[in-house]
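Asker: Sequence:
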Amino acid sequence: MRTLLIALVLGGLGLGAMSTAATAAPDYGNCQVTGTRGSIKLETVTPGALSVRPVLPAPGWWNGDSPDTIKDGFEYCMAANMAFRAGLDRVIVVNRSFAQVVTGQARGFDIALSEITVTDERKKVVNFTDPYFSSDQGVLVKAGTKVDKDSIKKMRLGVKQGTTILPYLTDKVKVAEHPKVYTDAGAMYAALAAGQVDAVLYDTPNVLSIAKKSEGRFEVVGRYDTSEQWGGLVNKDSPNLAAFNKLIAEMKKDGTFDRLATQYLVPSLGADPAKLPVLTP
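Numbering (numbering that gives the first Met the number 0), first residue to last: 0 to 280.
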């Protein structure tokens with residue numbers, strides 16, 4: 000009888016531990032989630048989680064230097080709100096090649112929220128959600144560098160692989176030297192710091208955040224008004240496009256995006272992107 004009692008007690012403790020694990024509280028990092036939990040259904044690659052692909056570094060959008068350190072930021076908390084409203088318990092940040100993502104070759108994620116510009120060319124191989132942000136292309140230089148619409152044509156420029164600014168520079172701005180292309184944003188900014196290029200061009204919010212963190216070494220001197228919009232990216236075979244569009248529409252309507260911008264973008268950028276000088280081609 001004593002042996003049976005001990006077994007029952009231990010079994011009960013085991014069941015209790017299993018129950019605690021099964022009912023662990025959802026984890027959305029530092030994000031405030033709103034809306035109705037479970038109001039929308041998503042079919043995800045990992046049960047109970049939303050797997051999202053970012054571009055790093057992206058201060059203000061994804062606050063952290065590696066997937067396991069990110070707990071907030073505009074796009075991270077956008078994903079957290081999506082997960083909450085879909086009844087999912089957490090966000091998984093996955094690292095995939097940007098070039099593979101925009102060409103539809105990457106797998107293992109539900110949506111890419113990577114400041115990705117929607118283009119007709121990209122739509123041939125991937126699907127985009129409705130836009131959630133408008134962005135131009137900012138010009139980041141070492142502090143004190145003078146740039147105007149004529150001088151930039153003669154500068155050594157750096158761009159990120161797979162971004163839309165490259166054809167804009169070659170076809171519209173008509174730069175004298177073909178821009179150097181970098182596989183990731185970190186390498187591009189390192190090249191600017193090392194003097195390997197004179198300026199880099201990337202999404203204005205991103206370069207503003209880099210300038211703010213540079214302790215005066217970099218500055219954003221202007222932008223090209225390219226009328227670009229960002230959308231979430233999903234593979235062609237994703238069953239979730241309509242659901243993601245509904246989530247984005249909800250968050251626009253209920254003020255979630257405005258709240259996230261105020262909370263994460265304004266402090267991290269240090270300037271209003273819309274008030275930067277516009278460079279004409």
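Calculated from the structure, these hints are not laboratory results.
Bear in mind the structure is a predicted one, so any value in this text is a computation, not a measurement.
From the three backbone atoms N, C-alpha and C, an ideal C-beta is built for every residue, glycine too.
Please note that a few of the clues may not be correct.
As the list claims (entries may be wrong) - Computed list of lysine to aspartate or glutamate pairs in EDC-like fashion (alpha-carbon distance at most 16 Å, straight line):
1. Lys252 to Asp129
2. Lys145 to Asp88
3. Lys235 to Asp170
4. Lys70 to Asp26
5. Lys122 to Asp236
6. Lys153 to Asp129
7. Lys122 to Asp149
8. Lys245 to Asp129
9. Lys152 to Asp129
What the hints assert, rightly or not - Label-pair restraints from in silico Cβ distances:
10. Pro166 to Gly37: 21 to 29 Å
11. Gly37 to Lys145: 54 to 62 Å
12. Asn29 to Thr144: 30 to 38 Å
13. Ser150 to Gly254: 22 to 30 Å
14. Ala175 to Asp271: 46 to 54 Å
15. Arg258 to Lys235: 15 to 23 Å
16. Lys245 to Gly215: 28 to 36 Å
Asker: For the pair we were handed, Lys245 and Asp129, check the Cα-Cα distance against 16 Å.
Answerer: holds (9 Å)
Asker: Are the Cα positions of Lys122 and Asp149 separated by 16 Å at most?
Answerer: Since the Cα atoms of Lys122 and Asp149 sit roughly 33 Å apart, the hinted pair is violated (cutoff 16 Å).
Asker: Between Ser150 and Gly254, does the C-beta distance stay in 22 to 30 Å?
Answerer: Roughly 42 Å apart at Cβ, these two residues miss the hinted range, so it is violated.
Asker: Would you say the C-beta atoms of Gly37 and Lys145 sit inside 54 to 62 Å of each other?
Answerer: The hinted range 54 to 62 Å holds for Gly37 and Lys145, with Cβ atoms some 55 Å apart.
Asker: Within 21 to 29 Å or not, the Cβ separation of Pro166 and Gly37?
Answerer: violated (43 Å)
Asker: Decide if the proposed pair is consistent with the structure: Lys122 and Asp236, CA atoms, cutoff 16 Å inclusive.
Answerer: It holds: about 13 Å lies between the C-alpha atoms, which stays within 16 Å.
Asker: Below or equal to 16 Å on CA atoms is what counts here, so check Lys235 against Asp170.
Answerer: violated (29 Å)
Asker: Would you mind confirming whether the straight-line C-alpha gap from Lys152 to Asp129 stays at or under 16 Å?
Answerer: Distance ~34 Å between Lys152 and Asp129 Cα, so the pair is violated.
Asker: Can the restraint linking Lys145 and Asp88 be considered satisfied, given a maximum Cα separation of 16 Å?
Answerer: violated (49 Å)
Asker: Quick one: are Asn29 and Thr144 within 30 to 38 Å, going by C-beta?
Answerer: holds (36 Å)
Asker: Regarding the pair Lys70 and Asp26, is the alpha-carbon distance no greater than 16 Å?
Answerer: Given pair Lys70, Asp26 holds - Cα atoms ~10 Å apart, limit 16 Å.
Asker: Assess, step by step, whether the Cα of Lys153 is no farther than 16 Å from the Cα of Asp129, and give holds or violated.
Answerer: violated (37 Å)
The earlier numbered hints that this structure contradicts are 2, 3, 6, 7, 9, 10, 13, 14, 15, 16.
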